[in-house]
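Read in order, the letters of the sequence shown correspond to residues 0 to 69 in numbering that gives the first Met the number 0.
Hints listed in this document are in silico derivations from the structure and should not be mistaken for laboratory results. Keep in mind it's a predicted model, so treat the numbers as computed, not measured. Be careful, since some hints might not be right.
[As the list claims (entries may be wrong)] Simulated pairs of lysine to any residue, SDA-like, Cα-Cα distance not exceeding 25 Å:
#	residue 1	residue 2
1	LYS4	ILE15
2	LYS30	ILE44
3	LYS24	TYR5
4	LYS49	PHE18
5	LYS56	MET42
6	LYS30	THR20
7	LYS1	VAL64
8	LYS1	VAL41
9	LYS23	LYS4
10	LYS4	LYS24
11	LYS4	LYS63
12	LYS23	SER36
13	LYS49	THR20
14	LYS24	VAL9
15	LYS1	LYS26
16	LYS4	ASN54
17	LYS4	SER27
18	LYS1	THR20
[What the hints assert, rightly or not] With beta-carbon atoms standing in for the labels, derived distance ranges:
#	residue 1	residue 2	range
19	PHE34	THR59	34 to 42 Å
20	TYR19	LYS61	46 to 54 Å
21	GLY53	SER27	52 to 60 Å
22	GLY53	SER28	13 to 21 Å
23	PHE18	LYS56	38 to 46 Å
24	VAL64	ILE8	23 to 31 Å
All C-beta atoms, glycine included, are put in the ideal place defined by N, C-alpha and C.
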Amino acid sequence: MKAHKYWSIVALITMIGTFYTGYKKLKSSHKYFAFSSMLCMVMVIYTGHKMITGNRKEKTKKEKVTEREE
C-alpha cells in the first residue's frame, strides 16, 4: 500500500527533525516536530492496520463464492 510507505517515510523525517531540534534546544520547533511525528505515526498505524485487515465485505463475498462452488 503506497500510503503506508509514504506515511512511514514522513514519520522518519519528522523523527529526525524532532531529534535535531531537541539536540539544538529549539523548544518551539521541537514541539511542532514532535506533534507532526506523532500524527504521522498514528497514520502509519492506521494505514498498516487497513492493509493487514483488508475489506470485510470482500472477504465475506469470497467466502460465499467458495462455499457455493463446493
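Going down the list of hints, with the structure as the test:
The straight-line distance between the Cα atoms of LYS4 and ILE15 is roughly 17 Å, inside the 25 Å bound, and the hint therefore holds. Proposed proximity of LYS30 and ILE44 is supported: the alpha carbons are some 21 Å apart, at most 25 Å. Restraint check for LYS24 and TYR5: not satisfied, since their Cα atoms lie roughly 28 Å apart, outside the 25 Å limit. At roughly 29 Å between alpha-carbon atoms, LYS49 and PHE18 are farther apart than 25 Å, so this suggested pair is violated.
This hinted pair checks out: LYS56 and MET42 have alpha carbons roughly 23 Å apart, not beyond 25 Å. Distance check on the hinted pair: LYS30 and THR20 sit about 9 Å apart at the alpha-carbon level, within 25 Å; holds. Only pairs whose Cα atoms come within 25 Å are accepted, and LYS1 paired with VAL64 is rejected, the gap being roughly 29 Å. With a C-alpha separation of about 16 Å, the suggested pairing of LYS1 with VAL41 holds against the 25 Å cut-off.
Using a Cα cut-off of 25 Å, the hinted pair LYS23 and LYS4 is violated, with the two alpha carbons roughly 29 Å apart. With a C-alpha separation of about 30 Å, the suggested pair LYS4 and LYS24 falls outside the 25 Å cut-off, and the hint is violated. The straight-line distance between the Cα atoms of LYS4 and LYS63 is roughly 32 Å, outside the 25 Å bound, and the hint therefore fails. Simply put, LYS23 and SER36 have alpha-carbon atoms about 18 Å apart, close enough for the 25 Å limit, and the pair holds.
Only pairs whose Cα atoms come within 25 Å are accepted, and LYS49 paired with THR20 is rejected, the gap being roughly 32 Å. The hinted pair formed by LYS24 and VAL9 meets the criterion: a straight-line CA distance of about 22 Å does not exceed 25 Å. Note on LYS1 and LYS26: the hinted pairing is violated, with a Cα-Cα distance of about 33 Å set against a maximum of 25 Å. Under the criterion of a C-alpha separation no larger than 25 Å, the hint pairing LYS4 with ASN54 is consistent with the structure, at around 19 Å.
For the hint pairing LYS4 with SER27, the CA-to-CA distance comes to about 28 Å; that exceeds 25 Å, so the pair is violated. Restraint check: the Cα-Cα separation between LYS1 and THR20 comes to about 29 Å, which exceeds 25 Å; the hinted pair is violated. Between PHE34 and THR59 the C-beta distance comes to about 39 Å, which sits within the given range of 34 to 42 Å. Roughly 47 Å separates the CB atoms of TYR19 and LYS61, a value that falls within the hinted 46 to 54 Å.
With their beta carbons about 41 Å apart, GLY53 and SER27 fall outside the hinted range of 52 to 60 Å. Range check, GLY53 to SER28: Cβ separation about 39 Å, and the 13 to 21 Å hint is violated. Between PHE18 and LYS56 the C-beta distance comes to about 42 Å, which sits within the given range of 38 to 46 Å. The given range of 23 to 31 Å is broken by VAL64 and ILE8, whose C-beta atoms sit roughly 37 Å from each other.
The structure fails hints 3, 4, 7, 9, 10, 11, 13, 15, 17, 18, 21, 22, 24 (numbered hints given earlier, in ascending order).
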